[in-house]
Amino acid sequence: MRAEPDATHGGGGDDDDDGRTAADAELELAFRAGRDGALEAAYRRHGRTVFTFARRAAGDDLAEELTQDVFVAAWTSASRYDPERGALGGWLIGICRHKVVDALRRRERAVARIERAGALAEPASSTTEVDRMAERLAVADSLGILRPEARRVVELAFYSDMTHEQIAEATGRPLGTVKAQIRRSLASMRRYLEGVDATS
Amino acid sequence: MPPPDRDDQDERALRAIRSRRPEGAAGGLDPDAAEEAQLARLGGIVRSLSDEDIARDEPPPGLWTAIAARSGGARSGGPGPATGPVGEPPFESVPLHRPRRRTSARARVLAVGAAAAAVLVVVGVLVARGDDDDPEVVASAQLEPLPDQPAGDARPVDARIVEVEDGLQLDLALGESGLPEPDGFYEVWLIDPNVEGMVSLGPARSDGTYAVPPDIDVAAFPIVDVSVEPPDGVPTHSGVSVLRGTLA
Chain A
506 MRAEPDATHG GGGDDDDDGR TAADAELELA FRAGRDGALE AAYRRHGRTV
556 FTFARRAAGD DLAEELTQDV FVAAWTSASR YDPERGALGG WLIGICRHKV
606 VDALRRRERA VARIERAGAL AEPASSTTEV DRMAERLAVA DSLGILRPEA
656 RRVVELAFYS DMTHEQIAEA TGRPLGTVKA QIRRSLASMR RYLEGVDATS
Chain B
2 MPPPDRDDQD ERALRAIRSR RPEGAAGGLD PDAAEEAQLA RLGGIVRSLS
52 DEDIARDEPP PGLWTAIAAR SGGARSGGPG PATGPVGEPP FESVPLHRPR
102 RRTSARARVL AVGAAAAAVL VVVGVLVARG DDDDPEVVAS AQLEPLPDQP
152 AGDARPVDAR IVEVEDGLQL DLALGESGLP EPDGFYEVWL IDPNVEGMVS
202 LGPARSDGTY AVPPDIDVAA FPIVDVSVEP PDGVPTHSGV SVLRGTLA
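Chains as they are written, first to last, in the working numbering: chain A, 506 to 705; chain B, 2 to 249.
No lab work stands behind these hints: they were computed from the structure.
Check each hint, because a few of them may be wrong.
[Unchecked claim] Here chain B is said to cover these stretches of chain A; the calculated rule only asks that three of the stretch's residues, wherever they fall, bring their Cβ under 8 Å from a Cβ of chain B:
| hint | segment |
| --- | --- |
| 1 | 553–561 |
| 2 | 576–588 |
| 3 | 601–608 |
| 4 | 646–658 |
| 5 | 681–688 |
[As the list claims (entries may be wrong)] Every beta carbon over 10 Å from chain A, so not counted as near; a handful from chain B, in silico:
| hint | residue |
| --- | --- |
| 6 | ASP167 |
| 7 | ASN195 |
| 8 | GLU197 |
| 9 | LEU248 |
| 10 | ALA249 |
[As the list claims (entries may be wrong)] Cβ-Cβ distance ranges computed for the label pairs, FRET-style:
| hint | chain 1 | residue 1 | chain 2 | residue 2 | range |
| --- | --- | --- | --- | --- | --- |
| 11 | B | SER207 | A | GLU589 | 39 to 45 Å |
| 12 | B | ARG19 | A | ASP607 | 32 to 38 Å |
| 13 | A | THR632 | B | VAL165 | 23 to 29 Å |
| 14 | B | THR210 | A | ASP541 | 49 to 55 Å |
Where is the CB? At the ideal position from N, CA and C, for every residue including glycine.
Please construct the entire structure, taking both the sequences and the accompanying hints into account.
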């Protein structure tokens with residue numbers, strides 16, 4: 506027996522060209538407007554990713570402080586967040602990237618001063634690595650909002666060399682649905698990446 | 002009906018996310034080229050995703066309180082749960098196909114198949130090992146058709162793990178096995194010896210090459226398995242394997 510995954514995940518908004526769920530679109534507007542509760546909602550939605558990023562890139566000792574810094578800074582400059590320029594989740598990751606890089610530079614200088622290196626718990630060290638990590642976390646989150654049936658289609662789009670027609674046949678879905686799912690998923694992923702880039 | 006140019010766009014997008022253009026080959030001022038460069042970048046990122054990129058660490062419960070205090074006007078929305086506001090994970094932590102590890106009732110079905118395969122593959126291993134013209138072969142196996150499966154007449158086929166520039170790759174020319182056209186498609190997997198964990202290397206490819214995720218130790222997933230995946234959109238292993246062998 507196959508357990509068919511629950512297809513309700515991901516909410517509505519199938520026709521959104523940019524791949525956002527209605528809930529995300531609402532949160533983004535509320536955040537930009539600085540509305541009551543929007544910061545907490547953003548933290549509930551994206552706090553784990555920001556904390557994960559800070560921890561893996563800068564290490565345990567800085568993770569909490571950096572996560573705080575990210576959300577405080579984001580809230581302070583919430584009016585500068587523009588949903589047209591990218592996803593809120595990506596934007597927060599982008600802010601975190603800056604905080605992490607600053608923290609690593611400060612620490613590098615401190616470490617150089619006392620001539621001790623390598624004793625810290627293997628956080629990512631170079632800016633390039635931090636950038637890559639930001640990209641991967643952002644794309645992973647954007648994939649997380651895909652419905653299970655769309656995920657299969659997207660998987661075939663990225664990993665196979667099948668045509669749209671073959672993907673439709675292989676997944677038993679109409680060609681139009683397959684194309685729409687790929688289009689929507691790509692839009693969602695690109696919006697996340699654009700959010701990350703919007704902070705640079 | 003979508004306008005024809007939309008179909009063109011769809012085709013271009015599919016090509017772009019699969020292209021392996023070198024990093025930084027951006028498109029300059031041409032908006033189409035810039036978009037394709039962005040899609041190519043996206044494809045590279047998606048293909049590089051590992052388990053760790055999908056997993057999320059849980060922040061300590063006090064973190065939100067500290068943020069709320071520092072941000073002044075932030076409302077806590079009344080008495081929240083004592084454990085802090087981070088409730089349900091907002092994202093479902095399921096990667097696309099890699100690395101996907103599954104332990105389920107279906108593993109039992111697979112385990113039966115693996116036992117049968119173990120008998121069959123003994124002769125097959127090590128065959129490709131002495132290939133002098135391919136010095137980078139890390140391991141190899143001969144995949145044998147499993148009994149009682151839809152591709153009964155298939156021929157054994159060699160699989161090899163080789164070192165390539167950016168890691169390990171499985172070479173498996175499925176075309177040589179004479180498998181019939183599937184109802185759905187074939188998918189390639191690496192499975193651990195207990196048949197409890199598995200990693201998908203993706204749907205069958207005509208070029209016969211499959212990148213092994215960088216965080217996967219091939220020695221821990223030595224069974225190479227080819228399954229038939231029915232057209233039902235379910236990403237887990239169907240439980241119907243057609244070819245299997247163990248790397249050595």
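Right, here's what the structure says about each hint:
For the segment 553–561 of chain A, the proposed coverage by chain B is satisfied: 6 residues have a C-beta within less than 8 Å of a C-beta in that chain, meeting the threshold of three. Counting residues of the segment 576–588 of chain A whose C-beta lies closer than 8 Å to any C-beta of chain B gives 4; at least three are required, and the coverage claim holds. Requiring three or more residues with a Cβ within less than 8 Å of a Cβ of chain B, the coverage given for the segment 601–608 of chain A is violated, as only 0 such residues are present. Coverage of the segment 646–658 of chain A by chain B holds [criterion: at least 3 residues with CB-CB distance below 8 Å; count 9].
Given a C-beta distance limit of less than 8 Å, the hint that chain B covers the segment 681–688 of chain A holds, as 4 residues qualify and 3 suffice. For ASP167 (chain B), the condition that its CB be more than 10 Å from all CB atoms of chain A holds, with the nearest at approximately 13 Å. The beta carbon of ASN195 (chain B) is kept farther than 10 Å from every beta carbon of chain A, the shortest such distance being approximately 21 Å. Look at GLU197 (chain B): its CB is around 17 Å from the nearest CB on chain A, clear of 10 Å, so calling it non-interface holds up.
Residue-level check passed: LEU248 (chain B) sits 21 Å from the nearest beta carbon of chain A, beyond 10 Å. Listed as a non-interface residue, ALA249 (chain B) keeps its Cβ farther than 10 Å from every Cβ of chain A; the least gap is roughly 27 Å. Look at SER207 (chain B) against GLU589 (chain A): about 40 Å separates their beta carbons, and that is inside 39 to 45 Å. Under the hint 32 to 38 Å, the C-beta atoms of ARG19 (chain B) and ASP607 (chain A), about 36 Å apart, fit the expected range.
Under the hint 23 to 29 Å, the C-beta atoms of THR632 (chain A) and VAL165 (chain B), about 27 Å apart, fit the expected range. Range check, THR210 (chain B) to ASP541 (chain A): about 54 Å between beta-carbon atoms, so the 49 to 55 Å window is met.
Against the hints set out earlier in the document, a violation occurs for number 3 only.
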